[in-house]
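Based on these hints, arrange chain B on the given structure of chain A.
Chains as they are written, first to last, in this note's numbering: chain A, 1 to 669; chain B, 1 to 669.
In case anyone wonders, no lab produced these hints; they're calculated from the structure.
From a predicted model like this one, the values you see are computed outputs, not experimental measurements.
Heads up, a few of these hints could be off.
Chain copies aren't distinguished; within one or between two, either way the pair holds.
[To be verified] DMTMM-like mimics (lysine to aspartate or glutamate), calculated; alpha carbons at most 25 Å apart, straight line:
1) K510 / D550
2) K486 / E475
3) K389 / E122
4) K389 / E369
5) K234 / D291
6) K510 / E551
2 protein chains.
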Amino acid sequence: MESLSEFEGEVVAVNPNHEEVLGFASYGGVDDVPGEIDLAVVAVPPDAVVGVVETLGERGVVNVVVVTAGFSEAGGDGAERERELVGAAREHSLNLVGPNCIGVVSTPTKLNATFGPDSPVEGSVSFMSQSGAFITAAVDWANDEGMGFRHVVSLGNKAVLDETDFVEAWGEDEGTNVVVGYLEGIEDGGEFVRTARRVTREKETPVVLVKSGRTEAGARAVSSHTGTLAGTEKAYEAAFRKAGIVRAHNTEELFDFARALDTLPLPDEDGVAVVTNAGGPGVMATDAVGDSSLSLAEFEDTTYDALDDALPDAAAFYNPVDVLGDAPAERFEDAVSIALDDPNVGACLVIACPTATFDFDALAESIVETAEGTDVPVVAALMGGEATKEARSKLSEGGVPSYFDPARGVRSLDAVAGYRNAKEREIGEVREFEVDHEKARSILERGREDGRLGVEATPLLDAYGIPTPKGEVVETQDEAERVAEKIGGEVVMKIVSPDILHKSDIGGVKVGVAREDVRDAYEDLVSRARSYQPDAELLGVQVQEMVEVDEGVETIVGFNRDPQFGPLVMFGLGGIFVEVFEDTSFGVAPVADAEAREMVNSVESSPLLRGARGREPVDTEAVVETVERVSALATDFPAILELDINPLVATPEGVSAVDLRLTLDPEEL
Amino acid sequence: MESLSEFEGEVVAVNPNHEEVLGFASYGGVDDVPGEIDLAVVAVPPDAVVGVVETLGERGVVNVVVVTAGFSEAGGDGAERERELVGAAREHSLNLVGPNCIGVVSTPTKLNATFGPDSPVEGSVSFMSQSGAFITAAVDWANDEGMGFRHVVSLGNKAVLDETDFVEAWGEDEGTNVVVGYLEGIEDGGEFVRTARRVTREKETPVVLVKSGRTEAGARAVSSHTGTLAGTEKAYEAAFRKAGIVRAHNTEELFDFARALDTLPLPDEDGVAVVTNAGGPGVMATDAVGDSSLSLAEFEDTTYDALDDALPDAAAFYNPVDVLGDAPAERFEDAVSIALDDPNVGACLVIACPTATFDFDALAESIVETAEGTDVPVVAALMGGEATKEARSKLSEGGVPSYFDPARGVRSLDAVAGYRNAKEREIGEVREFEVDHEKARSILERGREDGRLGVEATPLLDAYGIPTPKGEVVETQDEAERVAEKIGGEVVMKIVSPDILHKSDIGGVKVGVAREDVRDAYEDLVSRARSYQPDAELLGVQVQEMVEVDEGVETIVGFNRDPQFGPLVMFGLGGIFVEVFEDTSFGVAPVADAEAREMVNSVESSPLLRGARGREPVDTEAVVETVERVSALATDFPAILELDINPLVATPEGVSAVDLRLTLDPEEL
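The shape of chain A in the complex, shown without the other chains:
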């Protein structure tokens, strides 16, 4: 551990065979070490790890890093060894990092307890990674870019301490401005969301993550790499949104976003001012703004006037402001200052291309000075190679992120605005509804044997206050007539069988049955079911009030259970919208009211709910409430593995759950 040579504390080795290790005094055993031990780094053979950790625990050492590999990642014996390690750590309440990691770094004390080749410079970004190699790569690259770190942790197998612990600790750490992480999975999804949300919102510490395994191919690679059962991408998306995480999609974004969030103030407005000495790159930057959630700032008249006074006639005063190819740094400075004074400008991008006479260093100095005097974020694109090197260092030292490609600057500003939005996003309250637990449980009991229920479980929805059409499941023609009479008018009749999943396919649904036809319809439905699937268990026939689907919009509300985040509530518009367009939105339960509203409004087809094509808007609040009530059902009954209300018909007057399917884990009942 050559990297420890600069460490400001004392380092000793423990090794029975040597009196000195890498120049550090070595002791025969942990108990021989004099004084207090703040941190122990364990790098002994796998078989010896648990014993060493126990000894450390008995000696009163609290902080332990286990570098050694050969635990759960190796399968077989390794998994058992990891269980023992966790046991030992729990017994002594250890803060244990690893095993199977490259160690930890803490720059304020110049501690580098890793076997990576480089030490990072000091900074205010704390970085955790489930890939040790990614740490060595990032540190080498960051040193080059002048980017510093505060704490760096190689998470390894996350046997004891995991991402949630570090998000929590770094959220409390005054010296950490931004938490950055590379993760392949999350240990306890619910706990992570609650913790990260507190850190991003209350502690105002941004958390930027790459979660790999986003794509199908990536998810397969994750599970073969770490053996982690990957949660679905939809669940991660919903959970990260709820937690206020800034998500990066690749390495470049991870550190660009981290750096921007580390050094830049949060913008008050979404308008970006672009000041450039070249029209073309100005247009490219504008396209990048068009691709982002930001917009090009529209200046006040006074701003145009001021630019007109300050710039030559041939300059462009409209945003992007083109200060022209012959502009010296002072002209840039004038234009930037004027733009920053405009109340519509929330962020500023300065673009400079090389010309025969241009002085990048002078520009860098002026940008740093300007940026120090404003609470508007300023970034720079210095579009050149060698000619810009010195200037880019100056900007970096002065806390102004700079790039070659203006589009990267815009994406970084977008990430900063994205964090502001996440922090300010209204989540609302998780509403408490009056529900009939007992009734719900008794309905679910009926599915104990088959592990699934269909439309016959409609009373479950009634118990949770979700409107359903009038109707009953009947087992005789007489009953069918009685129910039809009670409902009045034409009715819908459906075969009810846990074994027939696609009722329509076998003609198992009759719509608009007149009273006089109810007996025949009953008989016909039953005989169809018998001839189509003779071994199907028939529970009867559902006789249901006609819901005027044509006047409403068919929606789907449901949930399933994600292995990492638990119940994941889904909303979408029925039929082709879900099936062909996959136009759905997701929320991690418990879904709060504002969240449910966002889910309903965020599907692309949502204009149909609001009355597209000249129709009356449906009662979207009733849809929103149904999403919340389904979330409550998911939270209250872990036994329900999956549930779909399809369709939930929404009309201007409200909603009606016309059909329903669910699967159960009887052991959880």
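Just chain B now, kept in the frame of chain A:
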């Protein structure tokens, strides 16, 4: 022009006031210069430019670069000056670049006739740019990255030579491997598409372009920057696809893609092999593959066996292949060679993270050697800063593109595969249909006065062989009855008026009118129209065969005219699909058969045509043919500015154009 000091030819100045300019001998006038002049660079005041160019033309100089600004980009007098310049150039058949440009570079002769600060190194990428500053920026950056250029042209105002000329010339140039361009607009869209298509397909020279002004904000910036009337983004997309252009969205992509296409062979397969010494970055690369059009290669069993033999037990043999953190360069080499032998591997990405002992230089040498011996494209991600510098230079010299971020490597491979797809893409033939021009023209004549026609122009579609429902426009109740009788069964009746655009909104459409109700319906439609819009011109009532919309799928086929690419044919599914989802596809006319098929199949909602949700598939070939026939109509009649068949109802039996709207430019008739 210090940059000319290395030029291998002779340079003289022409300036009446000096005997020497920048060390070059100076003559009093063009006519005083002895010998032949290959190229003249004009940098005199704007007022003097046309005179100088005329003198040059008279003297027999063919190649002229006008650097001077103050032409059309300056408006007013400048525009007039540019017209005169074009006149002079035409008169003497000059190859004129500019005006308002920074000049041209040709590295084989070390000619740098620009006022940019740097000269590029020699290479095989030829680069044109509508932004001069972008050239200086790119050259400075490329010098740093070890990327060379062959020809570089600052297009300026494109008064004479434009992008099409350079695509054509560089397509013929043996020394140019890739044409790269930054464009804000295209002068002659049709000519550009034909030329670029020939170059990308027949000459097999890839063309990579950034077309800025992609977004709404960007398009506004373009038009204020260059005064160019921007064509729509949809038209550019369609035109570039037809032309086989590889499109880049920002600076980084432009040069990454250019470099990859310059140095890499085209892949035969879409499967990518990833070989890495670090699991995490391997997963990130896999996600990038998932984001691309490529896929992760599935190895043959023999490949797994060979990897098993070659690698340590703990290595991962499944793709991504993890050679482990302790891998020396040789182990990488073994794994890469084995992967390249697999027939499913079309491309290979090598990822290396720094470790305490890793030798990046040795890896670079081995990759270069391996890449030389294969026709599979190989790229590398060396994930570090300083530690990787030397190795990256080695890779660059050896023709292997390398990156820090593996995702960038994957995107570059994707661009190379994208060019292969574009080159091989089936465009098909522009079919000739038997049409009745005269009849079509006579129908269009009826719109001369109003400049627009509605459903009364249905015979226009008949003339172009597009099926329409039986029916006629009538002006009396008697006629209505007669037509209804001839059609038989129930009919649809619609008010016909050029002034009533949304017929349904005023109850101007009656569906399913029985024969006995035809007289009343006629009267009712007319009186509704009169009371709703008393000043509307009424052309009569359309009595039309009922088309069973419920059994079919409503589609929309139409076109408008793009200022740069001419007729742009549109296809989409009717109603919400176009209105809410904007789910449309576009083609530049003339649309060939395979192109039309691609248009129909590429909308997201196309599964509905193929029989989603248990319905019978519609006759998509009839839809495809309608797209082609509409394309023919657009090409034949420039007078039709816009036309929409909405809906074109498609059923399993064919199509029927139920309604129609068009606008005309009577002057073109």
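Tested hints:
1. K510 / D550: both (16 Å within a copy, 19 Å between copies)
2. K486 / E475: Within one copy only: 16 Å inside a chain, 53 Å across chains, cut-off 25 Å.
3. K389 / E122: both (21 Å within a copy, 23 Å between copies)
4. K389 / E369: within (19 Å within a copy, 32 Å between copies)
5. K234 / D291: Answer is both; intra-copy 22 Å and inter-copy 15 Å each pass.
6. K510 / E551: both (19 Å within a copy, 20 Å between copies)
Figure legend: structure checked against the earlier numbered hints; every hint is met.
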